[in-house]
Every structure is written in structure tokens, then in C-alpha cells.
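Asker: Below, each chain spelled out in residue letters.
Number of protein chains: 2
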Amino acid sequence: MFSPLNDTALDQLFRTARTYNAFSGEIDDATLHRLYDLLKFGPTAANACPARFVFVKSAEAKAKLAPALDAGNRDKTLAAPVTVIVGYDMAFYDKLPVLFPHTDARSWFAGKPEAALETVALRNGSLQGAYLILAARSLGLDTGPMSGFDNAKVDEAFFAGTAIRSNFLVNLGKGDTSSIFPRSPRLGFDEACLIA
Amino acid sequence: MFSPLNDTALDQLFRTARTYNAFSGEIDDATLHRLYDLLKFGPTAANACPARFVFVKSAEAKAKLAPALDAGNRDKTLAAPVTVIVGYDMAFYDKLPVLFPHTDARSWFAGKPEAALETVALRNGSLQGAYLILAARSLGLDTGPMSGFDNAKVDEAFFAGTAIRSNFLVNLGKGDTSSIFPRSPRLGFDEACLIA
Chain A
1 MFSPLNDTAL
11 DQLFRTARTY
21 NAFSGEIDDA
31 TLHRLYDLLK
41 FGPTAANACP
51 ARFVFVKSAE
61 AKAKLAPALD
71 AGNRDKTLAA
81 PVTVIVGYDM
91 AFYDKLPVLF
101 PHTDARSWFA
111 GKPEAALETV
121 ALRNGSLQGA
131 YLILAARSLG
141 LDTGPMSGFD
151 NAKVDEAFFA
161 GTAIRSNFLV
171 NLGKGDTSSI
181 FPRSPRLGFD
191 EACLIA
Chain B
1 MFSPLNDTAL
11 DQLFRTARTY
21 NAFSGEIDDA
31 TLHRLYDLLK
41 FGPTAANACP
51 ARFVFVKSAE
61 AKAKLAPALD
71 AGNRDKTLAA
81 PVTVIVGYDM
91 AFYDKLPVLF
101 PHTDARSWFA
111 GKPEAALETV
121 ALRNGSLQGA
131 YLILAARSLG
141 LDTGPMSGFD
151 NAKVDEAFFA
161 GTAIRSNFLV
171 NLGKGDTSSI
181 FPRSPRLGFD
191 EACLIA
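Heads up: the sequence lines are chains A and B, in that order.
First residue of the first sequence? That's 1 in the UniProt record's numbering, and the numbers climb one at a time after it.
First residue of the second sequence? That's 1 in the UniProt record's numbering, and the numbers climb one at a time after it.
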């Protein structure tokens with residue numbers, strides 16, 4: 001009834017894919033467009049698509065990002081071909097008349113308390129960040145996602161005057177296999193799952 | 001340099017995949033194990049793996065879930081072969097001595113204010129929810145993720161006495177193509193992205 005992808009694809013997406021610490025290669029703008037043209041189709045609540053993406057590629061943009069990075073993440077991030085700032089727009093609901101046109105979905109969110117909006121934006125913006133990671137892998141790119149940075153500094157440097165907030169960062173490129181350690185363990189099925 | 005998956009795979013994961021409202025088929029427990037054995041490899045901060053998954057399959061479990069569902073989501077969810085409750089464990093850091101054994105990562109989180117822990121758990125638990133959606137698609141399953149339910153009621157019915165909180169739900173099965181409308185629009189590259 002169901003048609004799984006082949007083992008090569010399952011490996012590339014999940015089983016042998018790794019978080020790399022060093023990257024080589026160049027990523028042209030056409031590849032970044034292909035990446036967005038895949039990830040954009042991933043589902044979000046009310047199709048709100050709250051994520052926003054800055055592809056940090058130029059020396060100038062890397063220099064703006066550098067002071068916000070934790071020391072342990074700085075050198076590897078500055079050396080990566082591209083670093084994506086995955087953010088989310090707290091005013092995401094202003095796009096709903098276009099994104100969810102068959103009803104007034106904007107009114108479900110506009111005027112809600114900031115904490116409730118943040119939960120929706122963080123949940124769905126993080127889903128889209130994961131779509132970015134797996135879309136990159138599906139295009140043959142390796143990824144290095146990380147949370148080790150100062151969100152307020154990134155927001156000030158890249159999102160001042162907007163309602164966009166940084167969520168996490170993802171380095172992109174061709175992963176250097178000498179930059180990784182053996183994979184850390186995962187929870188067993190019975191530790192993380194229940195069939196009820 | 002990079003090897004993309006073929007068009008069939010990119011379609012199955014992103015381009016022609018849809019959020020379905022009606023499902024058929026049966027999903028055996030072995031398939032749920034295969035699903036977890038893919039999604040578990042997706043990256044999370046400090047490999048913390050905060051997501052927890054309840055696969056609601058039995059009539060008894062569906063009856064426990066029913067009162068928490070919004071009216072518009074109730075019938076389709078009760079009729080789906082499996083509904084996954086994607087949750088996250090607020091005490092996720094207690095697993096870090098196993099999951100991130102090379103340093104004392106537990107001390108990075110234990111005792112932090114609840115709001116900060118919630119951000120980490122929601123961010124990374126949502127990433128894992130997206131890995132579940134794409135792992136399901138990679139196994140040929142269709143998905144129906146949704147936020148339209150009462151989180152507090154689900155937590156009371158399924159997670160009482162634990163530190164686990166519900167995040168969102170995902171119906172699984174063989175999608176009925178007559179249950180969907182034309183796909184809603186997505187933001188253009190320049191509305192959602194910036195190359196800097």
C-alpha cells in the first residue's frame with residue numbers, strides 16, 4: 001500500500017546524515033532558491049508559514065553575525081559556505097489573507113497575547129527549520145544546526161525594526177567527515193514512544 | 001559535488017505531499033517502530049531529543065482523545081488509522097548524561113526558569129515533530145498534522161503525573177485524494193528569504 005523511498009534516500013535523509021562541524025564547497029544562489037522551493041511546501045498550522053530565512057554568505061554579513069556566536073561555534077560558522085539564520089515573524093498573521101484565503105484566519109491570531117503568538121510562531125517556525133534541514137539533505141547538502149549564539153544580538157544585527165526573531169542557525173555545505181565524532185546515542189522506542 | 005535525491009523522492013517528501021483530511025489503511029506496530037527508527041536520528045540541540053510520541057491506535061485511546069479535539073478535527077481524527085500525539089518532556093535534561101555523555105550537559109538546563117526550558121523543549125520537540133512528518137512521508141505514509149485541540153485536556157488524559165506536554169497531533173495513513181482542496185499559496189522567495 002505504501003511506497004517507501006529506497007535505502008540510499010533514507011540514509012541521506014536520516015540514517016547516515018550527521019551534524020558536521022566543518023564544511024567545504026560553494027553554494028550558489030540558485031541552490032538556495034531550490035532549497036526554499038522545497039521547504040516552503042512543508043505543512044504549518046493554518047498555512048501560516050511564520051519562518052523567515054537569512055542566508056548569510058558575504059564577508060560583510062558574516063562579520064555582522066560573528067559577535068553573536070558562542071566561542072565554540074564562531075570559527076566553524078565563519079568558515080561555512082552559508083549560514084542560515086532561521087527566524088520567525090511575530091506578525092505572521094498579517095500574511096494569512098493571502099496564505100489562508102478561504103476564511104478570516106487573521107482574526108484567530110491578531111491581538112492575542114504575545115506569549116500565545118510566540119508559541120505558535122516558535123512551533124511552526126521550528127517545523128519549517130526542520131524542513132530546511134531535510135530539504136538541504138535531500139539536495140545533497142550537509143547541515144550543522146546550532147542554538148549556541150546570542151539571539152538578542154542576532155535580532156539587533158539582522159532584524160532591527162521588524163517583528164522577526166531569531167530561532168536557530170544552520171551551517172550548510174559539503175560536510176568534512178574528519179570534523180565529526182561517533183554518533184551519540186538515541187532514546188530507545190520504549191523510552192520515547194507509547195503505542196496506545 | 002552534491003547528490004540530490006531524484007524527482008520522485010522530492011515530490012513524495014515535499015512537492016506533491018499534502019495534508020490530508022481522510023485516511024484509509026492499517027499501520028502495524030512494526031511500521032511505527034520503523035518510523036521512530038528514522039526520525040530519532042534528526043538533530044536536536046545537545047542531542048537532547050525532548051519529543052515524546054503517543055501513537056493513538058486503539059478504540060480506548062481514541063475515546064480518551066476525542067473530548068480534547070476541536071469539532072472540525074474530531075471525526076477525521078477518530079477515523080484515521082493512527083493519530084500521533086507529539087509531546088515534549090520538560091524534564092528532558094535528565095536524559096542528557098546518556099544522550100550527551102562527553103560533558104555535563106544536564107547542568108546547562110537543570111534549574112533554569114520554566115520559560116527558558118519551555119523554549120528549548122518546544123523548539124527541539126517541534127523539530128522532531130517535523131522529522132516525524134517527513135520520515136512518515138519517506139515511508140510512503142501520508143500525514144495530517146494539526147494544532148486544533150485542547151492541549152490541557154490531552155495532557156490530563158495522556159500525561160498526568162509526568163513532565164510531558166502535548167505539542168501537536170499528526171494523523172497517519174493512506175491519504176484520500178478526494179479529501180483535499182487545491183494547495184494554498186506559499187510566500188515567494190523574496191517575501192520569506194534574504195541572501196546577505
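Derived by calculation from the structure, the hints in this document are not laboratory data.
Here the structure is a predicted model, which is why all the values come from computation and not from measurement.
Ideal Cβ placement from N, Cα and C applies to all residues, glycine included.
Mixed in with the good hints, there may be bad ones.
[Claimed, not checked] Cross-link-like lysine to any residue pairs, in silico, SDA-like; alpha carbons within 20 Å at most: (1) B:Lys174 with A:Lys95; (2) B:Lys95 with A:Arg186; (3) B:Lys95 with B:Ala46; (4) A:Lys64 with A:Asn151; (5) A:Lys153 with B:Thr119; (6) A:Lys95 with B:Leu194; (7) A:Lys95 with A:Thr119; (8) A:Lys95 with A:Thr162.
[Stated by the list, open to error] Computed from the model, here is a short list of chain B residues facing chain A with C-beta under 10 Å: (9) Gln12; (10) Arg15; (11) Thr19; (12) Ser178.
Asker: Indicate, hint by hint, whether the structure satisfies it.
Answerer: Going down the list of hints, with the structure as the test:
1. B:Lys174 with A:Lys95: 31 Å, violated
2. B:Lys95 with A:Arg186: 10 Å, holds
3. B:Lys95 with B:Ala46: Holds - the C-alpha atoms of alanine 46 (chain B) and lysine 95 (chain B) are around 11 Å apart, at most 20 Å.
4. A:Lys64 with A:Asn151: Holds, at roughly 13 Å.
5. A:Lys153 with B:Thr119: Given pair lysine 153 (chain A), threonine 119 (chain B) holds - Cα atoms ~18 Å apart, limit 20 Å.
6. A:Lys95 with B:Leu194: 17 Å, holds
7. A:Lys95 with A:Thr119: Measuring from Cα to Cα gives roughly 18 Å; hence the hint holds.
8. A:Lys95 with A:Thr162: Distance ~15 Å between lysine 95 (chain A) and threonine 162 (chain A) Cα, so the pair holds.
9. Gln12: With Cβ-Cβ at 7 Å, under 10 Å, it holds.
10. Arg15: 6 Å, holds
11. Thr19: Cβ of threonine 19 (chain B) sits 5 Å from chain A, so the hint holds.
12. Ser178: Violated, about 17 Å.
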